[in-house]
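**Student:** So you can see what is in the structure, the chains are spelled out below.
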Amino acid sequence: MIRVGYGEDAHRLAAGHALILGGVPVPSAAMGTVAHSDGDAILHALADALLSGVAMGDIGDYFPDTDPLWAGLDSRAILGRVLELVRDRGYTPTNIALVVTLDKPKLGSMRAEIARNVAALVGLPESEVGVSFKTSEGLAPAHIQTRVTALLTRVKD
Amino acid sequence: MIRVGYGEDAHRLAAGHALILGGVPVPSAAMGTVAHSDGDAILHALADALLSGVAMGDIGDYFPDTDPLWAGLDSRAILGRVLELVRDRGYTPTNIALVVTLDKPKLGSMRAEIARNVAALVGLPESEVGVSFKTSEGLAPAHIQTRVTALLTRVKD
Amino acid sequence: MIRVGYGEDAHRLAAGHALILGGVPVPSAAMGTVAHSDGDAILHALADALLSGVAMGDIGDYFPDTDPLWAGLDSRAILGRVLELVRDRGYTPTNIALVVTLDKPKLGSMRAEIARNVAALVGLPESEVGVSFKTSEGLAPAHIQTRVTALLTRVKD
Ligand SMILES: [Mg+2]
Ligand SMILES: [Mg+2]
Ligand SMILES: [Mg+2]
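Residue numbers (UniProt numbering), protein chains in the order written: chain E, 1 to 157; chain V, 1 to 157; chain P, 1 to 157.
Hint data in this document are derived by calculation from the structure and do not stem from the laboratory.
Some hints here could point you the wrong way.
When chains are identical, the list treats them as one kind, so a pair holds in a single copy or across two.
[Stated by the list, open to error] Below, simulated EDC-like cross-link-like pairs (lysine to aspartate or glutamate); rule was C-alpha separation at most 20 Å, straight line:
| # | residue 1 | residue 2 |
| --- | --- | --- |
| 1 | K156 | D74 |
| 2 | K106 | D88 |
| 3 | K104 | D61 |
| 4 | K156 | D65 |
| 5 | K156 | E84 |
| 6 | K156 | D88 |
| 7 | K106 | E84 |
| 8 | K106 | D74 |
| 9 | K156 | E113 |
Quantities reported herein were computed from a predicted structural model and do not represent experimental measurements.
With these hints in hand, go ahead and build the complete structure from the sequences.
**Tutor:** Listed below in structure tokens is the structure:
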């Protein structure tokens with residue numbers, strides 16, 4: 001029993017904010033995400049991809065960005081809670097394919113670290129977490145955008 | 001035998017038009033879709049996702065937006081026809097993961113109704129239709145965008 | 001053993017450039033892709049989708065657009081190299097679903113030729129390559145955007 005999940009995220013970028021991707025701070029970023037939580041666009045889209053595969057809503061249901069309780073929230077906690085929900089439904093992630101669209105900085109040198117960290121957070125080997133980086137080619141110079149597709153496999157009844 | 005399908009849709013929004021999503025009218029929408037048909041961006045992207053999984057073209061082939069015959073068309077008829085084509089090819093949808101990007105109104109309160117309606121239209125249990133809502137974060141304030149990923153399973157030879 | 005892959009591409013369009021999609025020149029295009037290689041947005045997104053399914057990075061790793069060696073590169077060579085890498089990992093593509101977003105020209109009349117060519121390049125029957133065409137509805141009139149989802153199947157240990 002296999003299911004597909006798909007999720008997206010976007011954040012506006014501004015100076016004076018941190019840029020965190022897959023739980024990894026990007027030290028060379030001149031701009032970071034404007035967000036209620038820590039603005040980790042990989043983990044947000046990944047969490048939504050996993051929730052969609054089991055039809056359990058999206059992270060806005062569980063962590064509304066209007067709730068002061070979640071201000072500055074570490075997105076690893078969001079992903080952790082989502083993994084609990086997915087496993088309670090009897091599913092586990094099989095593999096993940098994600099694309100980050102960001103004009104600057106170039107992220108290629110951080111691919112291995114980000115993939116390794118995402119893999120550890122979801123409990124998969126690194127060989128099951130594909131990470132691609134693209135630029136917006138002028139379409140969104142002051143935003144980060146992420147899109148994540150995942151397979152999930154049923155592990156219990 | 002499993003196949004993946006993927007489809008997208010986008011429509012410009014304007015006052016004085018209805019907003020219909022997954023066959024469900026959104027009564028609180030100040031702007032609706034500018035479209036030749038009823039502009040249901042969920043059902044259009046879903047129909048294209050299903051067609052792509054069986055490599056049968058896209059809805060523009062079957063319902064060209066230049067044909068007066070399809071003016072104001074109820075998109076449930078588009079999806080119904082596409083499901084016939086998919087089933088004739090021997091496939092049936094297994095699960096669906098969809099993302100709607102829309103700045104206003106917030107749609108979270110309508111998630112269950114939209115998911116239930118889409119599930120009924122494609123003949124799946126609600127547990128197989130994941131629906132996520134995002135905002136464009138300033139990238140597309142006067143548009144609705146949808147992206148749909150689906151798994152299809154072969155059911156006959 | 002099934003894996004999902006997902007990839008994207010975008011290019012700015014300008015007069016005086018060729019538009020090539022899935023290895024097929026589009027003769028009626030008034031604008032083509034501004035790119036370091038031949039700018040084939042279908043093959044770039046497809047190559048990234050396949051790499052992501054086996055977690056082997058993206059085409060920027062193998063064919064950096066800062067390297068004069070790859071100026072004007074035929075993207076069929078990129079895809080060919082990526083297929084070698086995927087097969088070395090023990091996987092082969094099962095089916096492909098791709099969306100091209102482009103305002104002009106309309107591409108519907110070229111769908112069969114593009115699908116046939118992509119299928120031949122990846123070694124799949126045409127029945128496993130779904131091709132959809134969309135317009136940006138005003139969001140990106142001077143760009144081409146592509147998104148590709150693929151299933152891969154493990155064929156050896
Ligand atoms: Mg976010
Ligand atoms: Mg539409
Ligand atoms: Mg490219």
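**Student:** Each hint: holds or not?
**Tutor:** Outcome of the hint check:
1. K156 x D74: Close neither inside one copy (30 Å) nor across copies (40 Å); limit 20 Å.
2. K106 x D88: For K106 and D88, the Cα distance exceeds 20 Å both inside one copy (38 Å) and across copies (28 Å).
3. K104 x D61: between (31 Å within a copy, 17 Å between copies)
4. K156 x D65: neither (33 Å within a copy, 46 Å between copies)
5. K156 x E84: Cα proximity of K156 and E84: one copy only (14 Å, versus 33 Å across).
6. K156 x D88: within (9 Å within a copy, 32 Å between copies)
7. K106 x E84: neither (33 Å within a copy, 26 Å between copies)
8. K106 x D74: Neither, since 24 Å and 24 Å both go past 20 Å.
9. K156 x E113: neither (32 Å within a copy, 28 Å between copies)
Figure legend: structure checked against the earlier numbered hints; hints not met, in rising order: 1, 2, 4, 7, 8 and 9.
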